[in-house]
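Student: As given, the protein sequences belong to chains P and C, one line each in that order. Everything in the first sequence is counted per the numbering used here, starting at 61 for the first residue and increasing by one. Everything in the second sequence is counted per the numbering used here, starting at 61 for the first residue and increasing by one.
Do not rely on the hints blindly, as some may be mistaken.
Claimed, not checked - According to the in silico footprint, chain P covers these stretches of chain C (three or more CB under 8 Å from chain P): (1) 166-175; (2) 181-188; (3) 213-222; (4) 229-237.
Unchecked claim - The list that follows gives simulated cross-link-like pairs (lysine-lysine, BS3-like), each with its CA atoms no further than 30 Å apart: (5) P:K157 to C:K186; (6) C:K193 to P:K157; (7) P:K193 to C:K157; (8) P:K157 to C:K157; (9) C:K157 to P:K179; (10) P:K186 to C:K157; (11) C:K157 to P:K185; (12) C:K186 to P:K111.
Stated by the list, open to error - Taking CB as the label site, the calculated pair distances span: (13) P:N237 to C:E70: 34 to 44 Å; (14) P:D110 to C:A239: 34 to 44 Å; (15) P:G98 to C:F67: 22 to 32 Å; (16) C:G206 to P:N95: 11 to 21 Å; (17) P:R242 to C:R63: 11 to 21 Å; (18) P:N95 to C:E128: 43 to 53 Å; (19) C:E153 to P:R242: 54 to 64 Å; (20) C:S138 to P:T159: 43 to 53 Å; (21) C:D137 to P:I69: 31 to 41 Å; (22) P:N95 to C:S205: 55 to 65 Å.
The hints are simulated quantities; they were obtained by calculation from the structure and are not laboratory data. Ideal placement from N, C-alpha and C gives every residue a C-beta, glycine not left out.
Protein chains: 2
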Amino acid sequence: MARPREFDIEEALEAAISTFWEQGYEATSMDDLLNAMGLTKGSLYKAFGDKHNLFLLSLQDYLDHLFEKMKEAVDSDSDPVQSLNALMSLVEELCCKQTTPRGCFAVNTVVELSQRDGKSGEILKKHLIRVEKLLAKLINNGQESGDFRVDMSAEHLAESLFVYIFGMLAQSRGITNQARARRLSTFALAMLQAA
Amino acid sequence: MARPREFDIEEALEAAISTFWEQGYEATSMDDLLNAMGLTKGSLYKAFGDKHNLFLLSLQDYLDHLFEKMKEAVDSDSDPVQSLNALMSLVEELCCKQTTPRGCFAVNTVVELSQRDGKSGEILKKHLIRVEKLLAKLINNGQESGDFRVDMSAEHLAESLFVYIFGMLAQSRGITNQARARRLSTFALAMLQAA
DNA sequence: GGAATTATTGACCAAATAGTTCCGAACAAG
DNA sequence: CTTGTTCGGAACTATTTGGTCAATAATTCC
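All chains should be modelled from the sequences, with the hints used to inform the complete structure.
Tutor: So, in structure tokens, the structure goes:
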């Protein structure tokens, strides 16, 4: 009954994510987005609403995909040590195996926007909580298998591991160095292992 | 011989730092700065140049003060463990004992700007290096006194400690929680101590 | 007091910003 | 083929952006 959309909405969103990811929210203009997404204003506004709404959609989409990847990494092996290794590989990838040193969109947004924009803050908070829970679950498994230290609760160890990962991702915007990322990953693993 | 400046330049710079610190570079307008600094455009441009230059001056000033504070913390005690404690107290303060959860201006800028603005990137890189060296020195002292582990070089341990601190400061923009910060600090210390 | 010098002020500007509206064209369903 | 809908795209608007400048004011030296 009606004319079908001519562009792939998921593809366009991917382009928006890339743009926001690299430049941040404030530094990205509608023009940047239109170029990257290959749309004109009318289409964009009709499909995604205004800039802020597009940002929220981009952020949510990114977070969901990222979380999916993290779960995959964690579930990739029944051995907790191997799971953690897979997870840290993902982090290393974000740190220094990208075309541009854009770090992690989630981390970038926490720093740039979360406390100035309530909506973003809410979305991110939920994400941070589920990630930390995922880490806690992984660590708990490792404790039960005897691979990880048991002198602290899985939740508290997860807290520290998460902060460490967060630091790697944040710092990767300033320092890009593959060997360093490798060392940091190794240290993270050692940090959790039983004595 | 000439009309004297009516405002305190250091005070004005402090106001600029606060504004950039809380909002970031892009989200801060000249109007915000003028209000915060209590100046009119002409005066600001005469005294500090354009917005970008004012930002660089603010950043440098902040970094120098911060580094000074860090050195004081490190030198506050001859016992390396106490020194590290003092340093982590400083970090905790930045994390959750401020009027607004603004984290650390340096960390915020690394994430927001360092890879898009060469000048900021340069300034920050120099700072990051000197901070990491300071940490390495502190850790080296602790290794010689037998307090810190010696299974890794001071440089590599400093790398990890720095990333951890970086993570605390970055995450503090999204999660503000004093008890958590305390636990994280304690963990950082434990991470370095000899078995 | 007058000259020289510098700071302050506020009006002004050009460019870019986000966001809106409108219309002809394209398309699907009946 | 008609009709209803939604598309793409351009033209438009109102606001905000960072930035300039000439007139005015304050100070010191001579």
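Student: Hint by hint, note whether the structure agrees.
Tutor: Hint check:
Three residues within the 8 Å Cβ limit are the bar, and the segment 166-175 of chain C against chain P gives 7, so the coverage statement holds. With 4 residues bearing a CB less than 8 Å from a CB of chain P, the segment 181-188 of chain C meets the requirement of three and the coverage assertion stands. Coverage of the segment 213-222 of chain C by chain P holds in this model, with 4 residues showing a Cβ closer than 8 Å to a Cβ of that chain against a need of three. Coverage of the segment 229-237 of chain C by chain P holds in this model, with 5 residues showing a Cβ closer than 8 Å to a Cβ of that chain against a need of three.
A C-alpha spacing of about 24 Å is found between P:K157 and C:K186, which places the hinted pair at or below 30 Å, so the restraint holds. Taken as a hint, the C:K193 and P:K157 pair is honoured in the structure, with Cα atoms around 26 Å apart against an allowance of 30 Å. Restraint check for P:K193 and C:K157: the C-alpha separation of about 26 Å stays at or below 30 Å, so the hint holds. For the suggested pair P:K157 and C:K157, the alpha carbons sit about 36 Å apart, so the restraint of at most 30 Å is broken.
Distance hint between C:K157 and P:K179 is fulfilled; the C-alpha atoms sit about 24 Å from each other, no more than 30 Å. Proposed proximity of P:K186 and C:K157 is supported: the alpha carbons are some 24 Å apart, at most 30 Å. For the hint pairing C:K157 with P:K185, the CA-to-CA distance comes to about 20 Å; that is within 30 Å, so the pair holds. Proximity of C:K186 to P:K111 is assessed by CA-CA distance (about 36 Å); at most 30 Å being required, the pair is judged violated.
In this structure the hint that P:N237 and C:E70 lie 34 to 44 Å apart at CB holds, the actual value being about 36 Å. Remark: the range hint 34 to 44 Å for P:D110 to C:A239 is upheld by a beta-carbon distance near 39 Å. With their beta carbons about 49 Å apart, P:G98 and C:F67 fall outside the hinted range of 22 to 32 Å. With their beta carbons about 60 Å apart, C:G206 and P:N95 fall outside the hinted range of 11 to 21 Å.
A C-beta distance of roughly 59 Å is found between P:R242 and C:R63, which places it outside the suggested range of 11 to 21 Å. For P:N95 and C:E128, the Cβ-Cβ distance of about 44 Å falls inside the hinted range of 43 to 53 Å, so the restraint holds. The supplied range of 54 to 64 Å is broken by C:E153 and P:R242, whose beta-carbon atoms lie about 32 Å from each other. As the Cβ distance of C:S138 to P:T159 is approximately 48 Å, the hint placing it in 43 to 53 Å holds.
Separated by about 59 Å at the C-beta atoms, C:D137 and P:I69 break the suggested range of 31 to 41 Å. Separated by about 58 Å at the C-beta atoms, P:N95 and C:S205 satisfy the suggested range of 55 to 65 Å.
When each numbered hint is compared with the structure, violations occur for hints 8, 12, 15, 16, 17, 19 and 21.
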